[in-house]
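Protein chains in written order, with the numbering used here: chain A, 1 to 506; chain B, 1 to 194.
Treat the hints with caution; some may be incorrect.
The calculated lysine-lysine pairs, modelled on DSS-like cross-linking and capped at a C-alpha distance of 30 Å, are [unchecked claim]:
#, chain 1, residue 1, chain 2, residue 2
1, B, Lys-136, A, Lys-490
2, A, Lys-172, A, Lys-204
3, A, Lys-204, A, Lys-108
4, B, Lys-136, A, Lys-172
Restraint ranges, calculated between C-beta atoms of paired labels, are given here [unchecked claim]:
#, chain 1, residue 1, chain 2, residue 2, range
5, A, Ser-205, B, Ile-79, 52 to 58 Å
6, B, Ser-29, A, Thr-203, 31 to 37 Å
7, A, Ala-455, B, Pro-71, 42 to 48 Å
8, B, Pro-71, A, Val-244, 25 to 31 Å
9, B, Arg-153, A, Ala-241, 32 to 38 Å
10, B, Asn-92, A, Asp-426, 55 to 61 Å
11, A, Thr-203, B, Ile-33, 47 to 53 Å
12, B, Glu-51, A, Pro-107, 24 to 30 Å
13, A, Val-307, B, Phe-120, 34 to 40 Å
14, B, Arg-153, A, Lys-325, 50 to 56 Å
15, B, Arg-122, A, Phe-349, 26 to 32 Å
Rather than coming from a laboratory, the hints here were simulated on the basis of the structure.
Computed from a predicted model, the values in this text were never measured in an experiment.
For glycine and all other residues, C-beta sits at the position ideal for the given N, C-alpha and C.
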Amino acid sequence: MRRLVRSVTWTVLLFALLIHAAPVAAQETEPSFLSRAIESASLFELSPIAHPAKGEQPAPDPYANIRPCAGCPPRGVGRAFLQTTVVNVFYGIANLVRGQVTARVTPKTWWENMENGWVWDLDDFVVNQIGHPYQGSNYYNAGRANGLSFYESAAMAAFGSATWEFYGETNKPSLNDFINTTLGGIAIGEVLHRVSWLMRDPTKSGSGRLWSEIGATVLDPVTGYNRFRRGDASRIAEKPADMVPSTLSGFMSAGVLWRGTEHEPFEGAGQPFMEADLLYGDVLQGRSRTPYDAFSMTLRFGGGAPVSEARLIGRLLGQPLRNGKFQFSIAQSYDFQKNDAYSFGAQSFDAGLAFTQSLSSRIGLSLIGSGGLTVLGAIDSLPLGVEEVPVDEPESSAGQGVSEGPRFYDYGPGSKFTLRALLLHDRVPFAVALYEGRQLYSLDGVRANHFLQHARLDLRLPLRGPIGLGVAGEYFSRHTYYQDEARTEKIFRYPQFRTYLTWDIS
Amino acid sequence: MMRSSFAGVWCVLILLTPAVSRAQEADGSRLWIVAGGASATVRGDCQTCEEDYPYRHGGSILANFGYRANPRMDVGAEIFWVPLETASGTLNTTHIDAVAQFRPWRTHGFFMKGGAGMAFVRNWVDTLGSGAINSKALSIVVGGGWAFRTEQRVGFQLFASQHAGALGDLKTADSDVPDVMGNYWSIGAALVFR
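Turn these sequences into a full structure, and let the hints guide you.
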């Protein structure tokens, strides 16, 4: 270590010399980093929201000259870094309040974490696959709320995630948390940011406007906080153009789900569920270089777990080919599925090709094929010889929410391919057939290659006005090829059937 | 020998920077090439290992090739090669990652870098057997630094980074070691061509 410290010292010295040698003229024309940081910190203080009385002139906007548009947030990189750090402090205090021993950080634990480097952690599936990505969405939106672009905010998510892992907890920095927090945070963060902008209408005023701002703040607290702090929550302005989708359609569904397990084809009692499906923008057409200007979201509550499914697919790039007959796209996806039969989560990137054909003036057919890489996937897995997860998990003495293992799921990278056929009515899908294949190679956990297949058929029929009826049949299969000496192979199959009422919220 | 070579690379890089001060501004070029060296510290660990494994030090070489997405962001591929001499042989690790490098402030050189890819490990600390054993790993890199002459065709950067190589099972001459993770800390300098 002494050599490393010596190298650091030499580099810092060299670094200081080079900075000192920078042209004086540049120092005169550009505000220093320190002055920018101080300015950013001062902007972080609470300022009263202007509420002009009738006939009174509204208060001038102090940020008017640094906004790209009247309804856009002013750009503040230092403020974004600061708020990302504040988010970490907030989570740290929350963990301290919960009595977690891992929240008792000191400079000594920071140094130990830096010395140790990355490890895999043993936290619960939901904590790692939903909790961390949600935390990452707060970092990401600290960037978006301060006028940073998608990719700049992605860097902010990585910054917040890395600093949390090294300095926010006493346990060793976790590689799986870093990946899930960063990539999941980007996906969830951008979706929440855009959905919260759907709720806001900054051209309105009055109590309706206030409640819409409060509702949006619940979805995206960091942006909401900044809007109230700056007075944007009450200021009349146009909505930022890039927050207005080209098309919007969606369904709310409520119904019953029957799921089989490996041992029983179908359980007798159905499980109630509620689902929200949103199609934001048109993923099937248009040249796009604006990430997430088109995305799809599925969020299911109930059906075997409080949150049993969350899927986000956000377009990063779209390019029409052959006069729009084909559409090439690159997308980021976030997957989470957990129920009493299986658990799965992943952070992936896909490239896809879509073909669209009109069948009549209102009916269209789209065929989409895509393939890509899973940066990190998580799948439930039991060691050979263990048939069920033990019910009595050992009590942790480390405080609420701290898991000390064992962990009954594996982590690893992999690949993915998908085929999808959609029948559309006025560009809204009413019949969807899906086949998805995934391969995961377990790097941490029970050593195995997992091959997952998922086939699904959804039909939605309109009944009256926005009300409709839906049915869906699904079939999951998983082949697990253990890397033991006997090369054991196990097959798991889970059929699933759903029936539900839908409410078209388009 | 290796150490002095890397010290040489460092000196050349530092000396080259003033020499190219007359270089023109990058006139719309979208190319991004980085080449440099670093001092690296490596440590392997595993979840079930009770032994406290040592830190090992050596030189490393870093190269980036890619595309300048905009004046503040570069994206591309990174190759990071760490050869380490040990008493029982040479441990080689090559990380090949897709990376993005981002400067939050256009007027300042501070940059952050992150990426993911694969690492190829030939032999491993303390597990050297009779023959060379190759392992593949999931690779993650995070880092940061300061870039100088960011608008010029030839620039210079100082960086610190941490690469992780998640090997899963490490095959050794005697047995397999489960859940092995290699951590690579590096601090160095590089020339940047645009």
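Going down the list of hints, with the structure as the test:
1. About 25 Å separates the Cα atoms of Lys-136 (chain B) and Lys-490 (chain A), which keeps this hinted pair within 30 Å; it holds.
2. Between Lys-172 (chain A) and Lys-204 (chain A), the direct Cα distance comes to roughly 49 Å. Violation of the 30 Å bound is thereby established for this hinted pair.
3. Straight-line distance between C-alpha atoms of Lys-204 (chain A) and Lys-108 (chain A) comes to about 52 Å, which puts the hinted pair past the 30 Å bound.
4. Restraint check for Lys-136 (chain B) and Lys-172 (chain A): satisfied, since their Cα atoms lie roughly 23 Å apart, inside the 30 Å limit.
5. The hint said 52 to 58 Å for the Cβ distance between Ser-205 (chain A) and Ile-79 (chain B), and at roughly 57 Å that hint holds.
6. At roughly 43 Å, the beta-carbon separation of Ser-29 (chain B) and Thr-203 (chain A) lies outside the given 31 to 37 Å, and the hint is violated.
7. Between Ala-455 (chain A) and Pro-71 (chain B), the C-beta spacing of about 47 Å keeps the proposed range 42 to 48 Å intact.
8. A beta carbon spacing of about 27 Å between Pro-71 (chain B) and Val-244 (chain A) agrees with the range 25 to 31 Å that was offered as a hint.
9. Judged by the Cβ atoms, the range 32 to 38 Å given for Arg-153 (chain B) and Ala-241 (chain A) holds: they are separated by roughly 36 Å.
10. Checked against the given bound of 55 to 61 Å, the beta carbons of Asn-92 (chain B) and Asp-426 (chain A), roughly 59 Å apart, stay inside it.
11. Checked against the hint of 47 to 53 Å, the pair Thr-203 (chain A) and Ile-33 (chain B) passes, with Cβ atoms roughly 48 Å apart.
12. Taking 24 to 30 Å as the suggested C-beta distance range, the pair Glu-51 (chain B) and Pro-107 (chain A) conforms, at roughly 27 Å.
13. Remark: the range hint 34 to 40 Å for Val-307 (chain A) to Phe-120 (chain B) is upheld by a beta-carbon distance near 38 Å.
14. For Arg-153 (chain B) and Lys-325 (chain A), the hinted distance range of 50 to 56 Å is not satisfied, since their beta carbons lie about 42 Å from each other.
15. Between Arg-122 (chain B) and Phe-349 (chain A) the CB atoms are about 28 Å apart, so this pair conforms to the stated range of 26 to 32 Å.
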